[in-house]
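Chemist: Listed in order, the protein sequences are those of chains A and B.
The numbering of the first sequence is the numbering used here, which starts it at 95 and goes up by one.
The numbering of the second sequence is the numbering used here, which starts it at 95 and goes up by one.
The set of hints was computed from the structure by calculation and includes no laboratory data.
Where hints are given, some of them may not hold.
Put simply, identical chains are the same to the list, so a pair is met inside one copy or across any two.
[What the hints assert, rightly or not] As a list, the in silico SDA-like pairs of lysine to any residue whose alpha-carbon atoms are at most 20 Å apart:
1. K314 x M433
2. K108 x E119
3. K103 x R304
4. K314 x E252
5. K104 x M153
6. K108 x Y179
7. K314 x L238
8. K272 x L238
9. K129 x A368
10. K108 x M397
11. K358 x V330
12. K108 x P120
13. K103 x A127
14. K104 x V260
15. K108 x M176
Protein chains: 2
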Amino acid sequence: MEHDLSERKKQILKAVIDAHIACGEPVGSKLLAAKGQIALSSATIRNELAELTEMGYLMQPHTSAGRVPSEQGYRFYVDSLMEGYDRTATEIRELNDLLTQRTRQLDRIIDDAGRLISTLTNYPAIAVRSHPRSQTVRRFNLMLMDTYSFLLIMVISEANVVTKTVRSQIPLTEEELKTVEQVLNRALVGREPDQLTLSQMMEIEAAMGRLGSLMSPILKCIYEALRADNRSDLRVEGVDRFLEYPEFSSVDRLRSMLEMLSNKQELLEIVEGAQGDEVNVYIGSENAADQSGDSTLIFKTIMVDGRPIGAIGVIGPCRMDYSKVISTVEQLSRGIAGMIRAQRMLPDPDKKDPP
Amino acid sequence: MEHDLSERKKQILKAVIDAHIACGEPVGSKLLAAKGQIALSSATIRNELAELTEMGYLMQPHTSAGRVPSEQGYRFYVDSLMEGYDRTATEIRELNDLLTQRTRQLDRIIDDAGRLISTLTNYPAIAVRSHPRSQTVRRFNLMLMDTYSFLLIMVISEANVVTKTVRSQIPLTEEELKTVEQVLNRALVGREPDQLTLSQMMEIEAAMGRLGSLMSPILKCIYEALRADNRSDLRVEGVDRFLEYPEFSSVDRLRSMLEMLSNKQELLEIVEGAQGDEVNVYIGSENAADQSGDSTLIFKTIMVDGRPIGAIGVIGPCRMDYSKVISTVEQLSRGIAGMIRAQRMLPDPDKKDPP
DNA sequence: AATTAGCACTTGATCGTGCCGAGTGCTAAT
DNA sequence: ATTAGCACTCGGCACGATCAAGTGCTAATT
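With the sequences and hints as input, model every part of the structure.
Modeler: What follows is the structure in structure tokens.
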């Protein structure tokens with residue numbers, strides 16, 4: 095675990111992992127010697143490989159096979175060995191395309207980001223829209239639709255406005271509705287649903303006068319709006335990409351992957367349980383959602399003004415193009431955060447989008 | 095193709111298909127004779143099977159295997175042979191649970207319906223939200239957020255209200271905003287975006303007075319709101335269920351299934367191209383989305399007031415529990431239609447939900 | 001002392017072989 | 001018209017031989 099690897103060992107380890115990431119097969123000493131990366135004979139490399147195996151960085155599927163990185167090996171690679179990734183021009187353009195479309199709903203942005211990241215990395219992607227910690231309605235607005243129904247508009251946040259149609263048993267007028275609107279704004283703005291007591295509800299009902307009977311359906315709507323938006327949502331994009339990787343070409347592996355992805359609850363818990371500022375990389379058994387321990391989960395929480403609003407990431411084999419994926423996830427999540435900040439119309443000049 | 099099947103042949107064909115649907119393996123004469131369904135010896139059954147095979151209703155995977163229904167066989171089964179399905183009490187409860195939750199957004203309803211139908215049938219499900227033919231804003235409402243921004247609320251239909259935040263370069267007052275609101279409601283309600291000419295836009299800008307500069311961002315929002323909602327959306331739920339069926343246990347089959355499901359465009363075209371009043375059953379090669387011709391697509395459009403608003407269905411192997419799936423799709427789509435009708439608060443007493 | 005060449009050994013993958021059983025088609029008997 | 005019986009076909013599976021890749025070890029080399 096400690097950094098007790100000689101420079102040469104690191105070089106060889108990196109070469110093994112790079113090669114394995116590229117081709118997916120166990121890599122042997124001969125191949126490494128031939129590639130020219132390392133100026134040593136295969137025999138010497140063999141000795142080093144044996145030691146790296148001893149130390150737990152590599153594994154042999156069987157006695158006469160090449161070496162494959164172990165979890166520990168991947169971990170070390172990700173932490174210390176990996177180089178940055180150079181994005182191609184096309185990729186940059188696609189990223190920008192997404193990020194310049196400003197006037198879109200949060201759901202759609204995150205959804206599209208999932209799709210995009212799946213395309214860019216060629217792995218199945220997950221996109222999560224988190225529930226905010228505690229939510230309240232910032233402002234109510236009522237709009238008469240016809241004599242017996244009105245639209246209840248609830249501004250929860252800049253990017254999140256919920257509307258519901260409410261039907262009344264008794265005829266409505268504009269003026270009465272205005273009164274109700276004022277009552278709601280005075281009594282319920284900034285209130286969490288579980289802070290509301292029965293006596294308060296009675297007061298509200300009284301204040302609403304002739305339209306007191308509307309209180310109950312309205313409160314129900316509010317409760318549902320806050321609740322509905324409270325439910326986190328996880329989407330999976332591009333499962334079919336699993337099939338491109340030989341490690342999942344066995345039906346059993348595939349099954350365990352698909353089962354993991356359909357177990358959205360657990361994935362959500364993992365994603366929401368992670369702290370936000372870093373790209374999270376769970377290799378093999380570190381990825382608790384996957385029983386088989388043969389997959390890697392990479393994701394990053396999207397932070398806006400210090401609060402998590404969602405997350406995007408990918409799932410793939412342990413043999414993953416880590417540098418590319420990590421930098422893509424990093425960049426895209428930052429881009430989305432910036433985009434959402436920009437979409438909030440309140441100007442906040444002291445905050446700048448990260449590059 | 096004609097109904098030139100003797101009663102006995104029909105009976106045997108039905109027995110073969112039922113058995114095959116139940117167990118998934120080719121069924122032989124012996125099995126049928128043993129099952130007691132048919133009071134004939136295996137030899138006689140063999141002769142009938144041979145004729146049914148001749149006629150194209152059955153197939154033999156190889157010389158010494160039992161028979162498997164052909165597409166034509168399934169088609170005949172679905173059209174003439176199949177019995178109705180008796181829903182269990184639990185299933186009825188689940189259906190009702192979904193259908194009694196009234197105050198939810200269209201998107202979520204259809205989404206959940208997809209999930210539910212996938213659970214009930216145990217096949218992967220598709221859920222489509224269709225775009226309406228032509229859309230217009232029914233009503234505009236502006237809400238001041240702060241001095242430099244306001245909320246633009248567009249009522250497109252009862253179940254579809256879009257909100258966007260618009261930022262202004264110049265300070266805003268409540269009164270000016272009311273004026274703009276009136277201008278919008280007078281000039282743009284019921285207008286399709288491509289009916290709007292430049293000269294009309296100029297008039298609007300003039301009518302908006304000091305806030306004329308807001309016209310362009312507002313129009314952009316309107317355009318996007320109508321457009322965004324115009325995009326049909328197809329979701330797939332429960333892909334992992336493919337793995338439960340032996341016909342998809344080969345990776346290649348699985349690949350073609352997943353590829354089909356990720357080709358949302360084509361699926362959408364099929365679903366939106368179908369007429370609405372019936373459950374559509376595309377067996378094998380009839381399902382154009384699937385190159386392999388080894389899957390069946392069953393779906394039904396959800397009609398509300400004569401217009402399609404979406405669709406739900408399932409995808410599975412040709413060997414499918416047709417009667418169960420068809421009745422589930424049927425029932426659920428009707429239920430959803432009824433639910434949405436109920437959600438539209440405008441009372442329409444002359445229409446009743448189908449049972 | 002470190003590196004390299006050479007060689008015997010291990011082991012999964014591949015391919016051909018033969019056996020088994022399920023199911024058929026046909027013929028002859030009922 | 002139905003059924004019993006029988007020879008035949010063909011996929012699936014287990015077994016075994018062969019192959020190639022890659023190793024670990026020892027002895028030679030720098």
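Chemist: Any hints this thing doesn't respect? Which numbers, in order?
Modeler: 3, 9, 10 and 14
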